[in-house]
Amino acid sequence: MARIRQGDVLESAVTRRFTSLLAVDTNGRGFTEITEAVAAFLADIAASEGEVTVFCRHTSASLTLQENADPDVKTDLLTAFERLAPDHAGWVHDLEGPDDMPAHIKAVLTGVHLAVPVIGGRMALGTWQGLYLVEHRVRPHRRELVVAFVGEAH
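For this note's numbering, add 83 to where a residue sits in the sequence shown, where the first one is 1.
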């Protein structure tokens, strides 16, 4: 059973809201870590306490919070995605190529939105966690992400 310890409750009025666009050039299918870019955004706006959100403005790419220590995790995840939604599987929606419909399916599975608490100006990530843009198409793309912070800033 999860419990909130006394003293963990922070009461505060939302005082600031910041939004920025982040352009990410992918190398094709795979993971691109965006943790440092989001942390830089928080530093630039002098974020203190609140929540940062990231939204992917695409339907064939997605976002995930995943392990950032062992690259084998990303390799295995890509293998699992390919098994779940392989290219050339006779998909009806194939106007943009055999990797398009599988990309949509993979984006549905992982989602296009992340929300992370910000405490003391830093994302409250676990030791091995990182934020990733996941490119589900074979070819490189430029992807746009909306990064927003709501909370207190100095």
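Heads up, a few of these hints could be off.
[Unchecked claim] Label-pair ranges, simulated between beta-carbon atoms:
no.	residue 1	residue 2	range
1	177	225	19 to 27 Å
2	212	99	34 to 42 Å
3	108	181	33 to 41 Å
4	99	171	46 to 54 Å
5	126	177	14 to 22 Å
6	158	194	29 to 37 Å
It is worth saying that the hints were derived from the structure and are not from the lab. Here a beta-carbon is modelled for each residue, glycine too, at the ideal position from N, C-alpha and C.
Tested hints:
no. : hint                    : result
1   : 177 <-> 225: 19 to 27 Å : holds (23 Å)
2   : 212 <-> 99: 34 to 42 Å  : violated (25 Å)
3   : 108 <-> 181: 33 to 41 Å : violated (23 Å)
4   : 99 <-> 171: 46 to 54 Å  : holds (49 Å)
5   : 126 <-> 177: 14 to 22 Å : violated (43 Å)
6   : 158 <-> 194: 29 to 37 Å : violated (21 Å)
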